[in-house]
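> The lines below spell out each chain.
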Amino acid sequence: MSNDEIRAGLAEILEEVAGVLPADVSINKSFTEDLDVDSLSMVEIALAAEERFGVKIPDDELANLKTVGDAVTYIEKAQAAA
Amino acid sequence: MTTLTGVPGSRLLGLGEHAPATVVTNDDIAARGVDTNDQWIRDRVGIASRRIAGPDESVVDMAAVAGGKALAASGLGAADIDLVIVATCTMPSQIPGAAAQVATRLGIRSPGAFDLNAACAGFVYALATASSAVISGSARHVLVIGAEKLSDWTDWEDRSTAIIFADGAGAAVVGPGEGTGIGPVVWGSAGESAELIAVAHRNTFLYQEGQSVFRWATTALAPVALEACARAGVTPADLAAFVPHQANLRIIEAIARKVGAPHAIVARDIVTAGNTSSASIPMALCRMVERGEVPSGAPVLVLGFGAGLTYAGQVLTCP
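These protein sequences, in sequence, are chains E and B.
Residues 1 to 82 (the numbering used here) are what the first sequence spells out, left to right.
Residues 1001 to 1319 (the numbering used here) are what the second sequence spells out, left to right.
Because the hints were derived from the structure by calculation, they are not lab data.
Don't take each hint at face value.
No more than 35 Å apart at the CA atoms, straight line, and that leaves these computed lysine-lysine pairs for DSBU-like [as the list claims (entries may be wrong)]:
{"no.": "1", "chain 1": "B", "residue 1": "LYS1069", "chain 2": "E", "residue 2": "LYS66"}
{"no.": "2", "chain 1": "B", "residue 1": "LYS1258", "chain 2": "E", "residue 2": "LYS77"}
{"no.": "3", "chain 1": "E", "residue 1": "LYS56", "chain 2": "E", "residue 2": "LYS77"}
{"no.": "4", "chain 1": "E", "residue 1": "LYS56", "chain 2": "E", "residue 2": "LYS29"}
{"no.": "5", "chain 1": "E", "residue 1": "LYS77", "chain 2": "E", "residue 2": "LYS66"}
{"no.": "6", "chain 1": "E", "residue 1": "LYS66", "chain 2": "E", "residue 2": "LYS29"}
{"no.": "7", "chain 1": "B", "residue 1": "LYS1258", "chain 2": "E", "residue 2": "LYS56"}
{"no.": "8", "chain 1": "E", "residue 1": "LYS29", "chain 2": "B", "residue 2": "LYS1258"}
Could you build the full structure based on these sequences and the hints that come with them?
Below, the structure is given as structure tokens:
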């Protein structure tokens, strides 16, 4: 999956879970600071991403995913490793 | 020894609930200096207000009021009750337990009496135990109460818990039935995660690891709910109501989505009751029935889950 496909998939999840506008979901955006996503929503997003991208995102890894770009990179690496 | 004889089934005969008088709003909590606000609390946990017991209002007090109402609703008298079970984890001390005192308050003479600690799954565990007692003939009519004073154990300066925990009691009378009025329980635990919701030692407060608990609750419990339906021989489409433990509105909605009961009204009592641990299910169910939202005789799925970690799901017939 290309990085852009991952980013687009994340944007759909963010919209569904946290009502974030897809147009706002760019690589440099911080989940909590820029997109106003709280810590419980982050868990919901992680769970949806696990299902959608076929990867595992445990809570301790989730804590390191500060920006959309961090998440895209993580998912891409996890998919490659699988 | 004599061969045991029991009855074919058990059922709910009456429900009751008691919420303490003091209403604490989100603004009240913010006004105490906790770094929070009304919108944040509504978004995050779904609570608009909660009830807090007075300093002299104990678990036993609340349990007795709720129990008395359930008894009245059942049409039975104190003399008919031969077992009292109080599900609670917030007594001020372990000794003595609540149940025998509640029985005395209600004029129930010398019933079997014990407290049951399965935290927020406690009421469903207690119902299952009561059902088994009736079916096996150990008891004729059981008074089952979920009663908690979480405010005694809450750190009012911790914004993650001060906004959630609350007080109250709910009760049910369980008695014999011609058929199955209380389905088989599906219960379990996850002791490897015990530290996620805990009072660390005697002189401290109740804390929980929010994200981990949220992840567990939103992934592990829908299968339990579905299995409880299957074991009772009902499908989610048959359910008239779904009453999960009122932990957090987002957990309730996530589990409800996964269970997918299209005709079921989902309990959202947490909005004005807060999280009252083992009291939450009987309080929510009692109010739904009082509001006429669940027809008598209709199947209701209850699902308790929480500290331990423990969980229990069961289908009941609405009294």
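> All hints, please: hold or fail.
Hints, one by one, checked against the model:
1. Pair hint LYS1069 (chain B) plus LYS66 (chain E) does not hold up; C-alpha atoms about 51 Å apart against a cutoff of 35 Å.
2. In summary, the hint linking LYS1258 (chain B) to LYS77 (chain E) is supported, as the alpha carbons are separated by about 29 Å, within the 35 Å threshold.
3. Distance restraint check for LYS56 (chain E) and LYS77 (chain E): the Cα-Cα separation of roughly 11 Å lies within the 35 Å cut-off, and the hinted pair is therefore satisfied.
4. The straight-line distance between the Cα atoms of LYS56 (chain E) and LYS29 (chain E) is roughly 22 Å, inside the 35 Å bound, and the hint therefore holds.
5. Between LYS77 (chain E) and LYS66 (chain E), the direct Cα distance comes to roughly 16 Å. Compliance with the 35 Å bound is thereby established for this hinted pair.
6. At most 35 Å may separate the alpha-carbon atoms for a hinted pair to count; LYS66 (chain E) and LYS29 (chain E) meet this at roughly 8 Å.
7. A C-alpha spacing of about 20 Å is found between LYS1258 (chain B) and LYS56 (chain E), which places the hinted pair at or below 35 Å, so the restraint holds.
8. With a CA separation close to 30 Å, the supplied pair LYS29 (chain E) and LYS1258 (chain B) stays within the 35 Å bound.
This entry does not satisfy hint 1, going by the numbered hints stated previously; all others are met.
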